[in-house]
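Participant: Following the hints, complete the assembly by docking chain D onto the known chain R.
For the protein sequence lines, the chains are R and D, in the order given.
Going by full-length UniProt numbering, the first sequence opens with residue 1, and the numbers climb by one from there.
Going by full-length UniProt numbering, the second sequence opens with residue 1, and the numbers climb by one from there.
Derived from the structure by calculation, the hints contain no laboratory data.
Ideal Cβ positions, reconstructed from N, Cα and C, are used throughout, including at glycine.
Watch out, some of these pointers could steer you wrong.
[Stated by the list, open to error] Have a look at the derived ranges for each label pair, beta carbon to beta carbon:
id, chain 1, residue 1, chain 2, residue 2, range
1, R, Gln259, D, Ser165, 37 to 47 Å
2, R, Gly323, D, Ser165, 32 to 42 Å
3, R, Lys153, D, Lys153, 48 to 58 Å
[To be verified] Each computed DSBU-like pair below joins lysine-lysine, with the alpha-carbon atoms no more than 35 Å apart:
id, chain 1, residue 1, chain 2, residue 2
4, R, Lys245, D, Lys319
5, R, Lys386, D, Lys245
6, R, Lys245, D, Lys87
2 protein chains.
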Amino acid sequence: MIYKSDEKRMQDKIDTISEYGATGNGGITRYSLSEADLLARGEFVKRMKAIGAEIKTDDMGNIYATLKGSDPTLPAIATGSHSDSVKNGGNYDGILGVMAAMEVLDTIVAENIPHKHDITAMIWTNEEGSLYPPAMMSSGVVMNEYLPEEIAKNFRHENMLNSKSVIDPSKTFKEALEASGYKGDVKNRLNPKDYKAMFELHIEQGPILEAENKDIGVVNCVLGMINYRIKIYGVSDHAGTTPMKYRHDALYGAAKVLQYLHDELDKLDENLVYTTGEILCHPNVHTVIPDYVEFSIDSRHEDPKVIEQVVKVIENIPKEIVGCTTGYDVAWTRDTVYFDETLIEYVQDSVNELGYSNQRINSGAGHDAQFVSYMIPTTMIFVPSKDGHSHCEPEYTSTKQCTQGVSVLLNAILKCDAE
Amino acid sequence: MIYKSDEKRMQDKIDTISEYGATGNGGITRYSLSEADLLARGEFVKRMKAIGAEIKTDDMGNIYATLKGSDPTLPAIATGSHSDSVKNGGNYDGILGVMAAMEVLDTIVAENIPHKHDITAMIWTNEEGSLYPPAMMSSGVVMNEYLPEEIAKNFRHENMLNSKSVIDPSKTFKEALEASGYKGDVKNRLNPKDYKAMFELHIEQGPILEAENKDIGVVNCVLGMINYRIKIYGVSDHAGTTPMKYRHDALYGAAKVLQYLHDELDKLDENLVYTTGEILCHPNVHTVIPDYVEFSIDSRHEDPKVIEQVVKVIENIPKEIVGCTTGYDVAWTRDTVYFDETLIEYVQDSVNELGYSNQRINSGAGHDAQFVSYMIPTTMIFVPSKDGHSHCEPEYTSTKQCTQGVSVLLNAILKCDAE
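Next up, chain R with everything else stripped away, as it sits in the complex (with noise of 0.2 Å):
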């Protein structure tokens, strides 16, 4: 038996929820927690009470709107996503995996679907950390110790409560979390005793589908990656008095070192992404040749012998380069992470029940279903993003194509449901 979520419903969460943090020019701002989130959350909970979800919360805030499965007995099985965005973020991207939670449930509602195990659509709490960081804070901390140790040292509760608003460091998270009415009991959170799985639907960020013109992305793992920082020492002197022989300019430093990256990081593996998207100059005046500069590198892919390869290609930046000394420090890195085998079938399966295009990806961006995995099944559904657009306010995905997504997930639940 196969099934097919609504369009015209999700066209009418999308236009609704959509409103909430609207800056006007078609995105949102919709930090966790604001008033616009609290909006979209009184939305989740009304819509999700209206056909007879349990409402509960944790102590982050995270929601959880249960249907209640035919055997008691039996762990629940949980889907959703994020309803924070980015500053003048768009309309899909976390809010799509929430929203189609929903549909999920109306879906199951509607059509009066069978199912053994309860159904729990959720939000989790400040997945962009854009107010509050750092991101993926709540299943950071629900799932800590489940963590390895150099992760999860970086999402503590105690020092999450204590995050300071980036706009207004007198305010913390601890603070809004309370004033929010979305403190709950911490007996609440996700755990392994009473939950079997977790779905998560999510727009690519990316132009593969696109590109490849496929409905859905059956998705392998989150990619492993490093972040580096890259640093060049030069000597600062007066840009109108130093004949160029004397200088030791540590930007073109930086200009050289980073077409050593391309040149080397290109000769390796095809599918490698490698970025720089922070660079510091010192002291950034127009007059004054710069004495240090410092940027980002963060590369990603698979197989962790491609990141073997790109540390060595970091290893080897030439030491000295226009008269500058360089170094590098590392300042964190992540394993990939492989979703589960079990569920990625179920995925497949219900794709290729429906008839939709697809292909197998990766994720290049983190999530939270990132972390659930290590504390159960779990696994993401991808659906194509415009130009490959996310986290500003162009990013879009056609009804049609959301839809298609929700009606993936419905029926890979069914079929976690069934086993």
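Facilitator: Frame of chain R; chain D shown alone:
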């Protein structure tokens, strides 16, 4: 007759004034009209009064300390520089020219040297513009009607008074000036009726004299310069999800353009200098491919034909590079300002008679003297900068070198007095 200034007196001046605004690391922070600057100004006034000089100030707080000459019908000969510094600056930039002016007057009094013209030691207010931008504020105001319009417009009196403190924007230069006690009469401004010439002694702020083992730089001109903003437009996408072939990375584009500029500009005249000191990257987040990068390029050369070639190179920056488009804006330009031939000759003759090693040199940096030269005959004298450093705490010129510079200044002024 050739005179020499006194090294011990110079040492005493350097030791005393270096205390005003001392950072404790060998340098000073002495913003114009700050408490530290008022101490330095007070020392100047006290010492100049003590040798019988008459003190006046103008409406910009510039100080004039005048030793009367034997012929009251003749205009004065001025010499001086500025007492303010950049943040964490050194003990010589600017203030050496003030101490030199004091030492010239001290020597004239101590040795009872006859002179027909009044000799005026000066402090120019706010040359660095570190607290209240722009640099060379007071000379820009006093010489305003003599400057080329496109320079003059940046130094209108009312706008300068309203310049806001970069530390506390609620405070203006006007308020600091009025509180200082140094605001005087507009009639006291340097002017072409009452002044015959101005000389300024300054550290080189570059490595040439030291490298060439020369005591004195006889300055020809302040180099013409251009300041452009180079702009690279890319597309912002997620660092983890966008394959390399789909990218339009504005920072990589900027590195390519920077390399192009080095390649092409290095083919031009060997005395050309060019600098990218400032870079802005948007959004400058390590997980986001930059969509916009802008950087400065400052280039200086005596010969306008060479500067024209530089502009050609900038105009020929590839319009497309690594999938990005490029553009540029002119921030500002200035022509080469040649100093007065007759005054340069007085300086050259004085150096020769004193037997100091010397060479002709151009000033790459801007100075008050460059603005004064639009109004009355003006020139400069350079002494070596250790390791070429300036605008930093290690800035150093030995007291012997400083005093040699003062002796050249003194004799050049006396030659000017004799004509």
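Participant: For every hint, state whether the structure bears it out.
Facilitator: Do the hints match the structure? See the list:
{"no.": "1", "hint": "Gln259(R) to Ser165(D): 37 to 47 Å", "in the structure": "holds, 41 Å"}
{"no.": "2", "hint": "Gly323(R) to Ser165(D): 32 to 42 Å", "in the structure": "holds, 37 Å"}
{"no.": "3", "hint": "Lys153(R) to Lys153(D): 48 to 58 Å", "in the structure": "holds, 57 Å"}
{"no.": "4", "hint": "Lys245(R) to Lys319(D)", "in the structure": "holds, 29 Å"}
{"no.": "5", "hint": "Lys386(R) to Lys245(D)", "in the structure": "holds, 17 Å"}
{"no.": "6", "hint": "Lys245(R) to Lys87(D)", "in the structure": "holds, 27 Å"}
Checked against the numbered hints listed earlier, the structure breaks none of them; every hint is satisfied.
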